[in-house]
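2 protein chains.
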Amino acid sequence: MNPIKVGLLGVGVVGSGTFNVLKRNQEEIRGRAGRGIEIVMVAARDVARAKAIVGDDVDVVNDPLLVVNHPDIEIVVEVIGGCTVAKDLVLKAIANGKHVATANKALLAEHGGEIFAAARERSVAVAFEGAVAVSIPIIKALREGLSGNRIEWVAGIINGTTNFILSEMRDKGLAFDVVLKEAQRLGYAESDPTFDIEGIDAAHKATLLAAIAFGIPVQFDKAHVEGITRLDQADIANAERLGYRIKLLGIAKRTDAGIELRVHPALVPARRLIANVEGSMNAVMVKSDAAGVTMYYGAGAGSEQTASAVIADLIDITRLATAQHEHRVPYLAFQPHAMAQTPILPMAEIRTGYYLRIQVRDQPGVLADITRILAGHGISIDGMQQKAPAERERTEIIMLTHQTREKNILAAIADMEALSTVPAPVTMLRVEELA
Amino acid sequence: MNPIKVGLLGVGVVGSGTFNVLKRNQEEIRGRAGRGIEIVMVAARDVARAKAIVGDDVDVVNDPLLVVNHPDIEIVVEVIGGCTVAKDLVLKAIANGKHVATANKALLAEHGGEIFAAARERSVAVAFEGAVAVSIPIIKALREGLSGNRIEWVAGIINGTTNFILSEMRDKGLAFDVVLKEAQRLGYAESDPTFDIEGIDAAHKATLLAAIAFGIPVQFDKAHVEGITRLDQADIANAERLGYRIKLLGIAKRTDAGIELRVHPALVPARRLIANVEGSMNAVMVKSDAAGVTMYYGAGAGSEQTASAVIADLIDITRLATAQHEHRVPYLAFQPHAMAQTPILPMAEIRTGYYLRIQVRDQPGVLADITRILAGHGISIDGMQQKAPAERERTEIIMLTHQTREKNILAAIADMEALSTVPAPVTMLRVEELA
Chain Y
1 MNPIKVGLLG VGVVGSGTFN VLKRNQEEIR GRAGRGIEIV MVAARDVARA
51 KAIVGDDVDV VNDPLLVVNH PDIEIVVEVI GGCTVAKDLV LKAIANGKHV
101 ATANKALLAE HGGEIFAAAR ERSVAVAFEG AVAVSIPIIK ALREGLSGNR
151 IEWVAGIING TTNFILSEMR DKGLAFDVVL KEAQRLGYAE SDPTFDIEGI
201 DAAHKATLLA AIAFGIPVQF DKAHVEGITR LDQADIANAE RLGYRIKLLG
251 IAKRTDAGIE LRVHPALVPA RRLIANVEGS MNAVMVKSDA AGVTMYYGAG
301 AGSEQTASAV IADLIDITRL ATAQHEHRVP YLAFQPHAMA QTPILPMAEI
351 RTGYYLRIQV RDQPGVLADI TRILAGHGIS IDGMQQKAPA ERERTEIIML
401 THQTREKNIL AAIADMEALS TVPAPVTMLR VEELA
Chain V
1 MNPIKVGLLG VGVVGSGTFN VLKRNQEEIR GRAGRGIEIV MVAARDVARA
51 KAIVGDDVDV VNDPLLVVNH PDIEIVVEVI GGCTVAKDLV LKAIANGKHV
101 ATANKALLAE HGGEIFAAAR ERSVAVAFEG AVAVSIPIIK ALREGLSGNR
151 IEWVAGIING TTNFILSEMR DKGLAFDVVL KEAQRLGYAE SDPTFDIEGI
201 DAAHKATLLA AIAFGIPVQF DKAHVEGITR LDQADIANAE RLGYRIKLLG
251 IAKRTDAGIE LRVHPALVPA RRLIANVEGS MNAVMVKSDA AGVTMYYGAG
301 AGSEQTASAV IADLIDITRL ATAQHEHRVP YLAFQPHAMA QTPILPMAEI
351 RTGYYLRIQV RDQPGVLADI TRILAGHGIS IDGMQQKAPA ERERTEIIML
401 THQTREKNIL AAIADMEALS TVPAPVTMLR VEELA
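As they're listed, the protein sequences go chains Y and V. Under the UniProt record's numbering, the very last position in the first sequence is 435; numbers go up by exactly one each time. Under the UniProt record's numbering, the very last position in the second sequence is 435; numbers go up by exactly one each time.
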């Protein structure tokens with residue numbers, strides 16, 4: 001089966017990321033989707049710049065209508081942003097019977113009603129995983145993963161810029177204006193940061209989450225929107241002292257009287273996992289009747305992070321657009337012919353760090369023997385503690401090693417246990433940095 | 001369209017949870033799936049007990065073959081567990097052309113190759129979201145949400161029993177045997193806890209995660225399986241002192257030489273979010289090339305928590321089994337006719353806790369005035385601090401309130417600001433317990 005043809009509107013940060021990841025992972029993606037996915041035409045304001053990104057195999061045009069009107073293109077990816085040109089193009093693509101994938105939260109939060117109605121009319125998909133907490137498949141979790149639940153509330157850190165600013169204000173005790181300038185310098189905040197710091201971006205996302213959680217229309221105009229610009233450093237410190245952290249939360253909550261839909265800074269107990277989500281990371285908590293509390297964590301912005309979501313949407317559309325059995329989600333994620341025969345390694349061949357607890361007789365030269373053994377097996381030491389002797393003649397050495405192969409550490413342990421100064425088996429545990 | 005008919009094998013903890021949640025949320029589920037989902041027959045060893053759970057509208061039979069051979073049943077839910085009877089029934093259901101949803105990790109980790117091949121042959125679904133970290137849609141996140149990524153590693157706390165035991169050992173400094181007994185008393189550990197504490201259950205799950213992350217066959221026999229029974233309390237304390245926590249991790253990692261697939265206790269830096277996942281909760285971290293690190297957190301066991309996953313599978317199958325447009329995933333999660341008109345509340349009507357910072361002149365009676373105002377608006381105080389005066393004649397009162405309506409707190413603030421002893425606007429922030 002020929003690859004499904006995709007047109008790309010916009011080759012900025014997200015567009016170029018989408019192009020690059022789709023190209024880099026094309027074999028794996030074909031193995032998962034059951035069909036290749038190929039960007040055949042891109043529309044860009046700066047054609048020369050776009051050509052430099054996508055190369056010669058792809059048509060680059062200045063007029064986006066050439067993409068949405070292209071007869072062979074089945075899916076249009078809209079990553080222009082904003083609500084003017086993007087809206088017209090999305091509606092035109094839908095009218096032309098094309099599926100749409102978009103990361104444009106503003107467009108969907110403000111005009112979703114009109115767009116989804118048009119898409120329903122033409123029986124096309126409008127996929128928007130990239131519109132909320134990009135790296136985290138939260139739309140899928142809410143819309144499909146928790147579909148058996150009655151959802152009670154959703155509360156999330158869904159704007160990375162403001163979470164970075166709040167983390168820095170707390171961590172370094174700096175004022176809002178100072179941290180904002182730093183965020184702008186580091187690229188975490190736009191030169192005009194209004195959308196982020198006034199809570200508008202988070203409210204767009206909360207509006208979408210509320211709609212899919214509770215089955216209500218998108219109603220951005222009803223959202224309470226409050227940013228972090230009026231937050232006083234004193235209150236951040238007070239919150240800390242009371243056992244709380246201040247986070248900008250997007251909240252959608254079902255009550256007997258109606259839905260609460262609000263974005264504002266809030267004190268969150270410091271012991272909650274979500275209170276410890278720092279820097280530009282995002283996290284969304286969901287409370288539902290059967291699953292209980294679940295939480296989803298990941299980067300909330302970035303070129304390839306957003307591409308991850310856009311491409312997942314492309315794969316979903318590809319699978320559903322051609323609904324024979326082989327285009328369903330494969331049992332083990334990949335089509336049978338695309339399964340790998342990569343071997344599973346024996347434990348001796350794995351690499352990780354190690355923790356060793358070595359009981360030794362308290363004699364001169366013991367530590368020298370042990371470090372010589374480790375060095376002899378090519379193992380370097382990351383840290384060491386010697387414990388006060390529990391018995392008079394014994395002491396314990398506790399050691400962390402840098403990464404090595406398990407066979408090396410096992411050989412070193414065997415050598416240590418052969419020493420007359422090591423009277424008991426060495427305790428070994430693995431260390432996983434998970435960085 | 002008539003409801004899709006489901007047969008249930010097993011009415012134990014998971015089976016009864018599935019029945020109850022499906023019944024309780026039937027309206028919402030129909031709104032999401034585009035079609036009702038109805039359990040019409042259940043097979044149980046104890047028919048009388050099963051009848052007491054499912055009532056008179058459902059056929060209860062003793063012979064599970066009556067379910068898998070029933071001509072009208074399109075989906076069979078297998079929640080018997082184990083690899084003997086369950087395997088025969090699943091294969092028979094598949095042979096009869098029925099879709100299967102199962103929460104049976106042992107069955108799929110040990111016989112997945114045979115079962116998926118049979119299902120592929122008959123073009124039926126075998127869905128297993130409930131097999132790993134039940135409340136968390138991690139199968140969906142890996143297989144669909146991150147489908148555009150090349151996955152580098154997956155590392156998870158995927159056994160609640162052992163995480164509960166490790167949390168208690170660390171928190172209370174107790175020995176393994178003592179905590180195991182407590183876990184058994186509380187129902188977190190089985191009377192025969194071998195599968196959990198020896199890491200077998202986690203290895204079943206890690207085997208499934210490895211398969212869908214890397215596109216390799218399920219190969220439980222190649223997994224390294226190590227439990228927590230030989231963990232010494234001393235090492236838990238040492239880890240803590242070094243800035244680590246010991247967690248039982250299931251790890252699947254891609255390396256140039258092959259796949260690492262292993263379950264063992266590991267030291268994890270205490271500053272990682274996953275190191276702070278306590279008690280019987282589960283969490284899975286995924287590192288992939290485009291999305292970066294994402295993490296998924298929730299309950300790893302429980303009747304309704306598992307039901308959440310099983311029903312999500314039923315909804316997926318229902319949507320895909322009949323692949324017309326209206327059975328795709330709806331744009332906003334619910335079918336258009338099932339959208340709710342629940343109002344979004346004005347901010348005055350929301351309920352939450354509040355933090356107040358009140359600057360006051362340091363005069364007798366000020367605090368009495370403020371507490372009187374709060375009481376007058378029906379607001380009770382959760383905590384209070386009075387700060388050392390910043391200026392000579394002023395001091396600051398910091399207050400946390402219990403939940404109240406926003407209009408009450410706004411009225412109270414207005415009254416406070418009218419006091420001659422309150423010279424500046426009161427700072428108000430909302431408190432979200434997210435419990």
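Check the hints yourself; a few may be wrong.
Identical chains blur together in the list; that is why a pair holds if it fits in one copy or across any two.
Stated by the list, open to error - With a cut-off of at most 30 Å between alpha-carbon atoms, the simulated DSSO-like pairs for lysine-lysine come out as follows: (1) K5 to K51; (2) K92 to K5; (3) K5 to K181; (4) K287 to K5; (5) K222 to K92.
Because the hints were derived from the structure by calculation, they are not lab data.
Cross-check of the supplied hints:
1. For the homomeric pair K5 and K51, the shortest alpha-carbon distance inside one copy (18 Å) is at most 30 Å, but the shortest distance between copies (54 Å) is not.
2. In this assembly of identical chains, the alpha carbons of K92 and K5 lie at most 30 Å apart only when taken from the same copy (17 Å versus 40 Å across copies).
3. In the homo-oligomer, the alpha carbons of K5 and K181 never lie at most 30 Å apart, since the shortest distance is 42 Å inside one protomer and 60 Å across protomers.
4. In this assembly of identical chains, the alpha carbons of K287 and K5 lie at most 30 Å apart only when taken from different copies (29 Å versus 39 Å within one copy).
5. Taking the shortest Cα distances, K222 and K92 sit within 30 Å of each other inside one copy (28 Å), while across copies they are farther apart (53 Å).
Of the hints listed earlier, the one the structure fails to meet is number 3.
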